[in-house]
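Peer 1: Starting from the structure of chain A, add chain B where the hints point.
Going down the list, the sequences are from chains A and B.
Start counting the first sequence at 1; every next residue gets the next number (my numbering).
Start counting the second sequence at 1; every next residue gets the next number (my numbering).
Computed footprint of chain B on chain A; a stretch qualifies when at least three of its residues, placed anywhere within it, have a C-beta under 8 Å from a C-beta of chain B: (1) 44-56; (2) 61-70; (3) 91-99; (4) 102-112; (5) 160-173.
Because the hints were derived from the structure by calculation, they are not lab data.
Ideal placement from N, C-alpha and C gives every residue a C-beta, glycine not left out.
Number of protein chains: 2
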Amino acid sequence: MKRITLLLVGVGTLAGIVVFTTTTSRNVSAQGVAPIFGTKIPDGYRDWGFISVAHEAGELNDIRTILGNDPAIKAYREGTLPFPDGAIIAALHYRFIPSAENNKAFGRDQSFVAGAPTNVQFMVKDSKKYAATGGRGFGHFNNDGKTVDDAFMKTCFPCHQKIKERDLVFTRYAP
Amino acid sequence: MKRITLLLVGVGTLAGIVVFTTTTSRNVSAQGVAPIFGTKIPDGYRDWGFISVAHEAGELNDIRTILGNDPAIKAYREGTLPFPDGAIIAALHYRFIPSAENNKAFGRDQSFVAGAPTNVQFMVKDSKKYAATGGRGFGHFNNDGKTVDDAFMKTCFPCHQKIKERDLVFTRYAP
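The following block holds chain A by itself, in its conformation from the complex (with noise of 0.2 Å):
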């Protein structure tokens, strides 16, 4: 499901395709993170625009929101496509746990949350920069303080072309 997530890129050099427009993250979940690449976390995305919910099973077994900065989020409602240049989509993923205190207050085991967060990813659109990618820079950023290979960056990219009707954007905004 990394490859079915916001983010991460194909391409053979990746080292600098990914720069981002701020240089550290305020934010509780970027403490221990590295950047890979030299990426940089964008500063204040913790506090940016509510896009949508998903959860991904299997290995991944995970729970996630996807939040974007005002550009994002303004072509996400008015239907811009493509996304304009600036507009950065975050993927924040968390593991996929059973609440026992939800479950014991409802009576009933149905409740899952989010548990310890497990990385964050970035997309962000630059249709001359990242022109080789279709205009997207891609970023992920571990919680555990590893760094990913690029193999696993070299996934992304292929498989996002997947959505090019919606400008490699899978996730689709919740009302």
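Peer 2: Relative to chain A, chain B alone:
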């Protein structure tokens, strides 16, 4: 699981108990909803900050995001308990549905996303106005235009009381 969401109230005289701060919602998800018990949907709630996500299986079978206004987000991040008066938490509920297009791209059936919105619920903190219900006013707005009855609303506060140690709020902040 209505009972373990963030809202809903239980007292004899529900009418007039919930009075939110603004008049109408500009938001897409507010279209067609009917205020109940005299409540109004807080203006601009769809732009509020992200708190967490969850999936409720069973009869509810939903996926949801929990958002908060600035005072709520600040309290969460600073670990402030009880929440300050004026803090409002919103729970946006969507049908939990498989994503055929995601699964196709991934080559595996594992992706579940937000389907049609079902309802939005609010919990507002006002220790004086809602003293009889733990300082909390609750509201529920269906997206199909249907309202809920008193019996439904009365199930909420007794359940939320079970999480008194976190000021009646089940949802934990997702970093």
